[in-house]
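Quick note, the sequences are listed as chains V and E, same order.
Residues are numbered in our numbering as their position in the first sequence, beginning at 1, plus a constant of 1033.
Residues are numbered in our numbering as their position in the second sequence, beginning at 1, plus a constant of 1033.
Heads up, a few of these hints could be off.
Identical copies look the same in the list; a pair holds intra-copy or inter-copy alike.
[What the hints assert, rightly or not] Below, computed lysine-lysine pairings styled on DSS-like, alpha-carbon distance capped at 30 Å:
| id | residue 1 | residue 2 |
| --- | --- | --- |
| 1 | LYS1047 | LYS1073 |
| 2 | LYS1050 | LYS1173 |
| 3 | LYS1250 | LYS1073 |
| 4 | LYS1534 | LYS1494 |
| 5 | LYS1173 | LYS1250 |
To be clear, the hints were calculated from the coordinates, so they are not data collected in a lab.
2 protein chains.
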Amino acid sequence: MTTATASAYEQLIKQSKDVTALGTTIAILHWDQEVKMPPKGIEYRADQIAVASRLYHELKTSSQGNDLLKACEDDANIMSNPLSAEAVNVRELRHAYDRATKLPTSLVEEEAMLASRGQSAWAEARKNNDFKTFQPWLEKIVALLQKKAECYGWAEGGEPWDALAEDYEPGCTAAQVSEVFTPLRERLQTLLDELMGSSTKPSNAFNEIKLPIEEQKAFVRNIAQQIGFDFDAGRLDESTHPFCSGTHCNDVRLTTRFHESNVNDAIGSTMHEAGHGIYEQGLLFEHVGTPMGHSVSLGIHESQSRMWENQVGRSEAFWRWCYPQMEKFFGSKTASLSFEDVYGGANIVKPDFIRVEADEATYNMHIMIRFELERMLMNGTLAVADLPDAWNQRYKDYLGIEVPSDTKGCLQDIHWSMTSLGYFPTYTLGNLYCAQFFEKALADHPSLYEEFAQGEFGTLKSWLNTNIHALGKTYRAAELCEHVTGAPLSADPLMRHLESKLKPLYGLA
Amino acid sequence: MTTATASAYEQLIKQSKDVTALGTTIAILHWDQEVKMPPKGIEYRADQIAVASRLYHELKTSSQGNDLLKACEDDANIMSNPLSAEAVNVRELRHAYDRATKLPTSLVEEEAMLASRGQSAWAEARKNNDFKTFQPWLEKIVALLQKKAECYGWAEGGEPWDALAEDYEPGCTAAQVSEVFTPLRERLQTLLDELMGSSTKPSNAFNEIKLPIEEQKAFVRNIAQQIGFDFDAGRLDESTHPFCSGTHCNDVRLTTRFHESNVNDAIGSTMHEAGHGIYEQGLLFEHVGTPMGHSVSLGIHESQSRMWENQVGRSEAFWRWCYPQMEKFFGSKTASLSFEDVYGGANIVKPDFIRVEADEATYNMHIMIRFELERMLMNGTLAVADLPDAWNQRYKDYLGIEVPSDTKGCLQDIHWSMTSLGYFPTYTLGNLYCAQFFEKALADHPSLYEEFAQGEFGTLKSWLNTNIHALGKTYRAAELCEHVTGAPLSADPLMRHLESKLKPLYGLA
């Protein structure tokens, strides 16, 4: 590497680190707003975020960045090994730079305005079960996103949805998603029919017991610590909607929520967010502020949260360890619960309307419905006015339920009102990647479940650290899947996981 | 006002608000670091603060700012009434702009480096009681600050110290400070001699009782709320060194500290910081981000913290209300304490070495010693090598005590190691302003003490809101004092306050 180009690369990395330092400062402002800020602070907080965001965008799109990128791209010493940290950083910084500079400022501002006003209109419409008042906003949003997709462009043979999904799942296309979702839907429907047709069902006692919130707090904190979340490099607080704010690997902030009569929700939320957090903590500090120190995509992120929430946290082995822990935290209050009540109660399947309350099996149906509809909205084959009917028809076809109102139907999620189309599939992609990764981890370490039953989770965590976290953005999601598991993404591992666990719980072979 | 100049003023204000939004974002990063950040986050936090600070400085010194200022200064409609919000904002933004642009970047960077390395060297020297290892750093710091003072300049007849104090107490000069401090020292010495010579002393029982920290927390929170700190626009947390981070009037964050056997310290710290907080909350939101929405100076800020800590919190009337409260929070644990134990225990006077542990009377001696020494350092009439001897001699002369070590002597404070010379006097100026303001408030509302005894503090708070807080930076500190009290700053009110309270407690007429 010549001195001149080394210097271009060093400058590029310096700029990337500056952009990240400011971006993570904005993340702290958001975290603080949700978790610590006094109520009257809200109005001015918007001003603080707006100023920091403007400076962030200016730094990110500075024309100097393009010159540095070109100098690096022309340097064979940097680019010859496409899997070197240097080449990965240049490739991904180019990707980010091109995305950030492809949109005219007017469109960025229009989207910010629409996202804010659309969200207010959505909240009002949802409260009043009145889709008609939200319809004009969603029409504006779809029209704007179609323009935005045109600005970004999409690959030959692709479609507008692809251009939006690129923000959440780089390299992912609707056609690819479809290819995995279609067989998944068929097999899920068969499984759900079998489960719902069975006269044997797990006990619901675990989901009905009331437990003091202070005791729940200590209980879930202990679980997060046990599975490997590092509290010297992170926090666990409370918020209305649980989230993980990963500012960098040494400062990762989780939130969870508590209801007196739903400890199961607190456990699931905490393990889910801790899974995100363990991914963030597993990124390498030496790469902080560069793509090599950043997660791959939302889908891969979700694979890590689902890993701990579902593959671990709803497994029989996990409960062999966790069930006896309950006495330590809740004393005699949980004495009436058997092991079967607890393990079964964590795995009840029940088709229902609300995505965020859905179980591990039906959850993916909610996502597939949203994916199909947003794809059609973007292609212009579904008019916004027809959305409620199309939504309700699918809930009938896929889950066998009649949606009682738009509030419990197409108005339930905030995403589209915030202009986030192309986002939903990352949830199910996460479940799919998760199952496929876990099968491989289990093949590499057949004793994983025995370890879980002993409260030992370090082998799985190390496997994830080495095979996924430490790689940063070396691979795109689909490549990472092939690299790690030796096979392209498939619906099979997730279905094997669900079938092998749920059928016995429902008294089926 | 013509459209063109209205627009220049609007742009100037917009810029001021942007600068403040970023400045307060940095304040949130600092607060978070002290109060919430996980321990491993520290290294990267420095990067986040450095990037935000660089952008902050760039925004603050943008050349556009100078053009806007000139346009406003040339507009008679803005400047004709010097006490209008517009004129005050232009005057103060000019002052800030000129200060920020007078220093060469190299000096700013050198100071940042010296502050950081000097602080490390100081911490090490303090730990090892080894002034010699800190001496070369303090020599560098003094030399740099002499250069810095040259860049800023000072008024005819002034001296280098004035140029530094301008950052903390605009308009304040060493000569003015001296004029008030000299009579204060003489009268304080007389009072201390009398108190120390008396055979009657207040009981120390209050300072020896052990009380559970959780109960102390609820107790001091209740006091902060009662005196008027708005918890919907603020927080109270814990940190090693108590502070108030006033990001803006609707988001003011206090910290305090707790020791099992020193509830008195927790009360004093909480009321002190709540006093700072009540000032910040009393600034007007309509002026947020402009000088009219900003506090006057450190001295005036300190006058507000001391107001609640001392004039209120160590008064007999306050304890008439607070003493019966103790039973509610501590049950029978404080039953052994009489009213006299508690009121007397909050007012014990004892000459000692450590400033931050000093009582209301001796505290000012510590400050005067530091002021005299830093003034001489800046004038070149005291060599750094001679500092320990000069320090120890003054402690003997002013407080009658032999300093046992430099760690308990001239190495005890962090300020000089951080290049903060010119800062110390603001503490005593605060005590002086406080006493003078309180005398006026009491003249306007003779029933104040009766109200305190009933737990009513709203009259005093409203008086401060109206006469001091709501004015923002309309007046400089000395002018504000004359405007509010009708007289220039004097040592008399503070001495009257101390003498009238302490003499009876020590059995003197």
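Consistency of the hints with the structure:
Taking the shortest Cα distances, LYS1047 and LYS1073 sit within 30 Å of each other only across copies (22 Å), while inside one copy they are farther apart (37 Å). In this assembly of identical chains, the alpha carbons of LYS1050 and LYS1173 never lie at most 30 Å apart, being 36 Å within a copy and 32 Å across copies at closest. Taking the closest pair of Cα atoms, LYS1250 and LYS1073 come within 30 Å of each other both inside a single copy (27 Å) and across two copies (23 Å). For the identical chains of this complex, LYS1534 and LYS1494 are intra-copy neighbours only, at 22 Å inside a copy versus 65 Å across copies, given an alpha-carbon limit of 30 Å.
Taking identical chains as interchangeable, the C-alpha atoms of LYS1173 and LYS1250 are never at most 30 Å apart, the minima being 43 Å within one chain and 52 Å between chains.
Consistency with the previously given hints fails for numbers 2 and 5, ordered from lowest to highest.
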